[in-house]
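Kindly generate the complete structure, drawing on both the sequences and the hints.
There are 2 protein chains.
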Amino acid sequence: MIRSRFSKPLKELLSKDEWLILQENYNPAENLTYESLFCLTNGYLGTRGSYEEGTDKSIPCTYINGVFDQSETFMRELANMPNWLGIRLYVEKELIGIENCEVREFSRVLDMKKALLVKRMILRDAKGRETLIEGVRLISRAHLHRIGIRLYVTPLNYQGLIEVESIIDGSVINFCDAPRFKVKHTYMTDNSAIGETGAYVEVATRDRHQHVGTGSIMRIEQGGNDIMKSRVFHPFGEQAVEFRDFELEQGSTAIITKYASVYTERERQRNHLKECVSREIDDFIKSGFEAEIKDHTAVYARMWEEADIRIEGDFELNRAIRFNIFHLMSTGSESDDRINVGAKLLHGEEYGGHAFWDTELFMLPFFAHVFPRTAANLESYRYHLLDAARENAAKNGYKGAQYPWESADDGTEQCPAWTIEPDGTCYRCYVADYEHHVTAAVAYGVYNYVKITRDTKFLYGKGLEILIETARFWASRCEYNEIRERFEIRQVTGPDEWHEPVDNNLYTNYLAKWNMRYVLELVQYCRENLKQIYGELDVTETELAEWNCRQEHMYLPQGRDSKILEQFEGYFKLREVTIKAYDENDWPIKPDILNHLDRQQTQVIKQADVMMLMYLLPEEFDEETRQLNYAYYEKRTLHGSSLSPSIYSIMGLKVQDASKAYRYLQRAAFLDLKDLQKNTREGIHAANAGGVWQTVIFGFAGVSVLEDGVLCIEPRLPAVWNSISFRLHYGEAWLEINISGSQARIKRLAGDELEVRINGKSTWIK
Amino acid sequence: MIRSRFSKPLKELLSKDEWLILQENYNPAENLTYESLFCLTNGYLGTRGSYEEGTDKSIPCTYINGVFDQSETFMRELANMPNWLGIRLYVEKELIGIENCEVREFSRVLDMKKALLVKRMILRDAKGRETLIEGVRLISRAHLHRIGIRLYVTPLNYQGLIEVESIIDGSVINFCDAPRFKVKHTYMTDNSAIGETGAYVEVATRDRHQHVGTGSIMRIEQGGNDIMKSRVFHPFGEQAVEFRDFELEQGSTAIITKYASVYTERERQRNHLKECVSREIDDFIKSGFEAEIKDHTAVYARMWEEADIRIEGDFELNRAIRFNIFHLMSTGSESDDRINVGAKLLHGEEYGGHAFWDTELFMLPFFAHVFPRTAANLESYRYHLLDAARENAAKNGYKGAQYPWESADDGTEQCPAWTIEPDGTCYRCYVADYEHHVTAAVAYGVYNYVKITRDTKFLYGKGLEILIETARFWASRCEYNEIRERFEIRQVTGPDEWHEPVDNNLYTNYLAKWNMRYVLELVQYCRENLKQIYGELDVTETELAEWNCRQEHMYLPQGRDSKILEQFEGYFKLREVTIKAYDENDWPIKPDILNHLDRQQTQVIKQADVMMLMYLLPEEFDEETRQLNYAYYEKRTLHGSSLSPSIYSIMGLKVQDASKAYRYLQRAAFLDLKDLQKNTREGIHAANAGGVWQTVIFGFAGVSVLEDGVLCIEPRLPAVWNSISFRLHYGEAWLEINISGSQARIKRLAGDELEVRINGKSTWIK
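The listed protein sequences correspond, in order, to chains A and B. Taking the numbering used here, the leading residue of the first sequence gets 3, the next gets one more, and so forth. Taking the numbering used here, the leading residue of the second sequence gets 3, the next gets one more, and so forth.
Accuracy of the hints is not assured; some may be wrong.
Where chains are identical, the list cannot tell them apart; a pair therefore holds if satisfied intra-copy or between any two copies.
[Stated by the list, open to error] Derived pair list, reagent style BS3-like, types lysine-lysine, alpha-carbon separation capped at 30 Å:
#1 K231 <-> K608
#2 K129 <-> K184
#3 K401 <-> K464
#4 K637 <-> K676
#5 K95 <-> K680
#6 K608 <-> K129
#7 K184 <-> K231
#8 K59 <-> K231
#9 K95 <-> K592
#10 K59 <-> K95
#11 K95 <-> K608
Source of the hints: derived by calculation from the structure; they are not laboratory data.
See below:
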């Protein structure tokens, strides 16, 4: 048991191994990766797993979802907030820190069940003094503005005076380890004491002057008594430091607790921020750190009741699946309907915290089935930014609403037209110019959210407003080809970004067609059943007719002499290059020819594209078509995006080719835990995390919702799994599903009785 | 030859070994010591020998003499100024720094002849890339506001893009490595670009809002061409960063030059600081780095013409003596008469840059004989602060002027009444309460300065004003003992600080007596010869009579039954403890009994006290008295102060006991170079440096000025020395003195003919 490594209070706190991610050694080269893996977030803010004492290699970020800034960069990105983690212990002025001392013992553990980061280390300083430091870090989900750290400090072979600095560091910047890209998004507006000698730093974003207050107060106890000797507050430029000291006998343990809090102008008035932080900390201290952990873990217990997936027979994979669920569910917010979930969650700097199509197509199914309230907030986020999407469409010469490829707080396009390469050259980035399918993804998100939650109130209100505007966009986006008598979408980039731009990407055209068609159906339904809503719809009959014409005549590239569909017009004419070799992890090796040839000229693709289409619109394609295309494209996909393996896993299962599905799931589930893409340091791959969940639930467990609204289960468990169990929301129902082999049992935990179809056989769940 | 380690430009620049202090290895544990040893200063500002890229162990200080601040501390101390050294090189985001890379080759050299810090290192990064970095650092003495660094960067086994950050870091604090004592003495008032992308940080002291502007512009060249690719300025909170990059071929060398400048409100108006810095840098760039080095080394060449001491036959010691002279002469200012020379020079934090009696008794003789203009400034400093000394006397209930034990910019007492111990306890410090002899030292300084320089204009003006006020202080300080019919000075601490306080410290009483007597003689001289001056003197006949009475009846503790003088009343009754054992360096070992007994209760003393007296007033004591007391006190002195060995060395020679004189000189000369006191990290021992010079010149070379004004030379060279030569100012004359064995030759370089006495024999130098 991993927890047996720790002393009593932490041993009793920690969960069983199946919930723990263990770091066994300290290697500075892995710091940035572990900072992402061990990031804690409560949806309101996230703090990476940096060390309290600070290390040389470190990107110590705290992000607050919704607090963006642009300044000199090309996009509005999550502004790095003052680092509240700092706790530095000194004995005779020597820092007792991981990089100043010999590390005699080391363990860090992410307890996913309780959402706590726990550590234990024995550090030996240059004078041979050994100190045992254990600790637990908390980003409370019971009270979103309470964050804290408790350290247990024990001098093992000495006694004496220990000095402590508790630091709020406002000098942080974004991209601190990349000299060319460094940017400071905040300026300091206050550095002062809070309480008697606690630390308080207030900063404001540089563009919009959004204020954020961060404060902390430190307590040092032994056996319940305050053992602090002296204390003082230092305002050092952008650092606020609370200094304290205490005497400790050899072998006895001091408990150092840092009670901290953050408030922003998003929640409170600017001139009340310090007061709010101060009051929150006082209340936190009053109720106590242990009580807060209790409340917090109670919230997580309820969340895991919703979200856990239990697999018998595949311990490591099960833990890895939990890891993905843990970070995804922790980042989603059940309380804030103006924020989204960034492509790297709140766990890293890459993509600036922006929302992509990743949200709707990879994460939303998880939230809709597991945390419907969070899913509703994600929908609200898009609705709030509908006006910005309208402006975006108008700006680009289209009608309706064009959602930005990258979305931050104000809905303007945040995918930059220009970027700077690592060598300093400016690079014209065409992604936002051509990659338009995100607007269809937003529409599909509305459809899918409603399909799963049956939230018709949303659908026939805000949802329909989004849908009409996205249909309107697509109608204006396609062009009529008079020679071929069809509507086309030219100069576009599909999911496969290695071919940019192309004409008539099948995925995009199909989704555009689907978007218009779906709206037409909904309008028709309203006309027939919801007269009042129909009367209020902002759409004319002429328009509807026009949309119908366009969707009917939308060009959909077909196969030449088989059912293999052409990814885009001209794809088949490209040099045929297929994957021939696999590495030791059974992962495709880039064909050598790509070292000499521009991949744009070949059939090699980055990620699921036609397959993505078949995944989203399964009923549009017959089984043979799906099988042929899977076989064809699987051989051409290099999975250069983390959005690919999970889709191929699910689709492999759906086309009865399970040969690689389990391998793809392994790839996806361990993508970050094993840093398989070599960029986990930049954050957790959020879409992949959602993809892992979909692969397990929609792929192996075989859950689907048919167009007729019946929940289907057709399990295809890997041989190594004895059973799997999980819970889902579907409409009003909350179901517990247990699958052994091909047998599924469903228990209704809430909601009305409902019909389900297990392995093609209908049954009523009572 | 040490310089053969370097590439051509530096090889050609560097001096011969006799001028070089070499650091051969990088050991972080020695960083702080080398920061002191390799500090460069031009008298205006000093910058410690920290590394450009920054290291974990570092106290990177830049001090400007005269810019003090108190804030939360107990005293006004030199405020650490923005660190202008920062230059960080990156290859693919990896810092090419001494602590991030494997150090394949390493040399740092202080070139004392040219006052340059030169380095060479080959660093191998984690990817095996090897970079040769050589460099030279300049604090120009030709233009006091020009400071700069030039680096030569050569990729040895790779080619590619190198990124550079040039940083002005305003986040510095004082005592940054001591959590309890950390203090920030400045706040930032500006962080903006200078020139196009240069860095400018303006800070102000917190108490008196004295503004200081620091700026820099970086140039990157190869073969005379600007090879910079892109550049940008970043204001990061308190750090101003100029970013640049360039491409470099394997084996070719880029020259990176950081042109920097500092101006303060002491020299320029606040609102012109940035403009001054900017203009100075522009001029600096225009004339060029090499031209500045040339001008700077020309100034140093002239300074060494004055200051060098050449010893044949003792290479290492000679270099060590130069080392002491180098730092002392570099710190003295020939242009600013409102600053002093701190006890640790501008080289470290200890004592906050304060002036002590160290200035007058240990350093002033050097400056008066070698740099008389600097000596004159030191006298002016005391004169400017005479009013403050008057207020200090009045505050303490005395008359006249009482100079503070520690003096900063405003002349108030800066020796704190309370200090905080490392364990946090408050400690009542009585030094300022009892240690009054500094006021006599200031008076003695006037006397000695005039004796050496014959600056009678000063003497019969400002000097006499100081002297009268100090005499007035002593007259008020002593008390009449009616029983014993004598004047006494009770509750006082002499040079030996281990007995605090005592009654009637012989040194103090004698100097007080001397002070009053000297003033009486001067007044008498004025009365007879300088009637106008006499008429303007601020002293009454009654007072003069009173002073005469007091000096005549000043109690001077005598020996009981021998000529051994009692250090203070009651000293002989203390437990007799003498030094019995010496360590492997022939240094006294603390008698074991002191581990059990308070040293205050023993005869063991910290430093020269009676010996100091005999050194200052040689004509007051006969030879036997001097010999007996030397023998007696030498056995009781543990040299707990760096002010002690040099005095014992000189006095040993003067009493014909040369047995230990050479050992004492070695001790003193290598005190910092070998970190013998284990506190060189806190700065260079300035008094000791002056003591080394005095030991060599007044001790071994046997130079003295008799009361009749004749310069005497009675050499007592150590056997190992073949010869010694040096130059001295004496009055208007500038003399070159060459001594071989007991033979001395004197050459007059400037001034009128004069009479000297060599080994007792008078001769005229023509």
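Comparing the hints with the structure gives:
no.	hint	verdict
1	K231 <-> K608	neither (61 Å within a copy, 33 Å between copies)
2	K129 <-> K184	between (38 Å within a copy, 23 Å between copies)
3	K401 <-> K464	within (18 Å within a copy, 89 Å between copies)
4	K637 <-> K676	within (25 Å within a copy, 70 Å between copies)
5	K95 <-> K680	between (38 Å within a copy, 16 Å between copies)
6	K608 <-> K129	between (55 Å within a copy, 29 Å between copies)
7	K184 <-> K231	between (40 Å within a copy, 18 Å between copies)
8	K59 <-> K231	between (33 Å within a copy, 27 Å between copies)
9	K95 <-> K592	between (53 Å within a copy, 27 Å between copies)
10	K59 <-> K95	both (22 Å within a copy, 12 Å between copies)
11	K95 <-> K608	between (54 Å within a copy, 27 Å between copies)
Consistency note: the structure conflicts with earlier hint 1 alone.
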